[in-house]
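2 protein chains.
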Amino acid sequence: MDCIRGALGRADALVITGGLGPTTDDLTREAIAQALGVPLQHHPELEDELRAWFASRNYVPSETIMRQAYLPQGAAALPNSNGTAPGVHAQTADGKLIFAVPGVPREMRAMIERSVIPALLERLEGERQIIVSRVLRTFGIGESALAEPLEDILTTATNPTVAPLIFGNTEVHLRLTAKARDEAEAKILLDGMEAQIRARAGEYIFGVDDETMASVVLQMLRERGLLLVVAESLTGGVLSALLTDVPGASESFVGGIIAYADWIKVAVLDVPVEYLDGAAGAVNAQTAAAMAEGLDVEMDMDGGDDFIGLSTTGEAGPESQSGAPVGTVFIGLHHAGQTQTFERSFSGDRDTIRKRTALAALDVLRRYLQNQPVGEGSK
Amino acid sequence: MDCIRGALGRADALVITGGLGPTTDDLTREAIAQALGVPLQHHPELEDELRAWFASRNYVPSETIMRQAYLPQGAAALPNSNGTAPGVHAQTADGKLIFAVPGVPREMRAMIERSVIPALLERLEGERQIIVSRVLRTFGIGESALAEPLEDILTTATNPTVAPLIFGNTEVHLRLTAKARDEAEAKILLDGMEAQIRARAGEYIFGVDDETMASVVLQMLRERGLLLVVAESLTGGVLSALLTDVPGASESFVGGIIAYADWIKVAVLDVPVEYLDGAAGAVNAQTAAAMAEGLDVEMDMDGGDDFIGLSTTGEAGPESQSGAPVGTVFIGLHHAGQTQTFERSFSGDRDTIRKRTALAALDVLRRYLQNQPVGEGSK
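Protein chains in written order, with the working numbering: chain B, 1 to 379; chain X, 1001 to 1379.
Just so you know, the hints here were simulated from the structure itself, not pulled from any lab data. The reader is advised that the hints may include incorrect statements.
Unchecked claim - Dumping the calculated EDC-like pairs for lysine to aspartate or glutamate here, alpha-carbon to alpha-carbon at most 20 Å:
no.: 1; chain 1: X; residue 1: K1179; chain 2: B; residue 2: D191
no.: 2; chain 1: X; residue 1: K1187; chain 2: X; residue 2: D1209
no.: 3; chain 1: B; residue 1: K179; chain 2: X; residue 2: D1025
no.: 4; chain 1: B; residue 1: K179; chain 2: B; residue 2: D191
no.: 5; chain 1: X; residue 1: K1187; chain 2: X; residue 2: D1210
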């Protein structure tokens, strides 16, 4: 309650996430009621909706879930399209807004987009100024190295502003934020700034906003009528999962082999066993090449020019199992009878190395596809 | 700065994460200095350490990174074992503590464990009371259904307290928190509460604290001398990645086939093509069974009794590609010449359905292994 009152002293609207669940440590409804100086009120229509939600799924509701049928007196419920807890939309005596949404991200996002933002926009009608952001996503360059050619933009640009941030320990994002009267004006400002940044650092920008490295690569494969198969060693499923995370991946991603154990590389991908006998085990260029080529037979690619084989092999750590230095990885790319390999060296822990390797493999493919024609036969 | 001063009004120690990076929107050092009413001071020894860090990696440091060589006057630097930004340890005139650590999770966690917690414990010396938490992790039951048989514990237990929370939209965790004079006393309290909870809901508890479903299953496989291979359709790598996320997975996880496209199931796993011809495409029990059995030949398992094949097939959505209702999944488990299949129905979006399916497959395997003897020949 003190937090809510303190925040109301600094802002005209609050958005609170979490604490709307059914258990006794979910206290947001109570805190809002106390901050407003009103009691909690039971809403029979909300209880009916809750019972109907459970009935439609053949679940028996626990009685504790009925705590979600209460609201601070005077507040309205916000519908929850992805769960049971209704949100709360309340107003103070002096017209400040309080929104409470669930903490669970899927439920929170849906309620913010469908209820909270429209309510805020309605409040702003007439004094409209919108804020629009755009994120340029980069891979393969560190935050301070990326900031260097952009130093003057980062320190002096005021509209849009540009803020760098590290994402997932693997990407560096540049968040452009514009203030304007409407979407069209904001787009002009953002387009102009994006063009400036691309002129200086465009090589590293693989996507914008929600585009992931995988979604961008799948789009490029689709435009060129190409299908992708993978052979994963150290990445052990991470590369495949990045691709299949994208709805519609099946249009271009066929599947692959997780050759986690070395003998699987030999038995299933026909990697010559002598390639694994050196000081670095399976962590070398010829193994990466043989894995990518082995997909041809194994996955029934029949040497077709519309298939690309992509492989990863390397040492993720924490101790070196292979004999190769931790962080050493090799990527293989096989297409139209040609095989290329790429060596990378990543720092970080085991998870970071695996994730960076998967993204690096996709980035290698992205840069290769940029030079492949979009042509006849493409879907 | 206002936030820092406000927080100091409510607490004896603050921990701030983020804002210690090299770019101009990293303002935590400045905010602490302002809150304390002191200037920022350059530390030549920190600058030397930064230059040495870059030199040892053959990187050229940008000059902007040298902003990390400044501290509020009177503050000490906290070493960063996983990055360049030193943390900050400052004290107000009336003895309150301010710690600033990086926002990047790996760097934050290491600094909290190695510097902040020891400093706090040192401050508490003599009035020592420690707080110890333990998390019981469950799968396969919703939050309110789990809370029901535990209602009295959740509402009345004071030491330890028990708090339920949803984790990753897939698990429900019970966080037990005990206050005691030392670790041994805390352990007794936590053990007692854990036993009470297991007596009522133990079936759903698969692990404790950092144990993941995958790490628990890999441990059980290791104890029984069994090796695991997987065939993934809708999960598309997520199941393999959960397993290979665990260091040492290679002791028990050999690899698998990502049979994302239906023709891969036929061509590589020998699933009879007529199994895929029905109204639900590849989403049926016999396809799951055939995929798990197909691993035998494909992954060179040679019908060995020490191999287990685990498969997933289903419809993740958002629209139904297969003809089966979105959320319908089948899991196949093949071991020692026997095959079992399991049908599940999950709600949620595409990502949630894939993730829940991967965990459900591991949970099926976990429950199966509980009935398999730990015996001779186990590693």
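Hinted pair X:K1179 and B:D191, Cα distance within 20 Å: With a Cα-Cα distance of about 56 Å, the restraint between X:K1179 and B:D191 is violated, given a limit of 20 Å.
Straight-line alpha-carbon gap B:K179 to B:D191, limit 20 Å: holds, 13 Å
Agreement of B:K179 and X:D1025 with the hint, judged by alpha carbon distance not exceeding 20 Å: Given pair B:K179, X:D1025 holds - Cα atoms ~18 Å apart, limit 20 Å.
20 Å limit on alpha-carbon distance, applied to hinted pair X:K1187 and X:D1210: Satisfied, since the Cα-Cα distance of roughly 17 Å is no more than 20 Å.
Restraint status (C-alpha distance of X:K1187 to X:D1209 at most 20 Å): Holds, at about 14 Å.
This entry does not satisfy hint 1, going by the numbered hints stated previously; all others are met.
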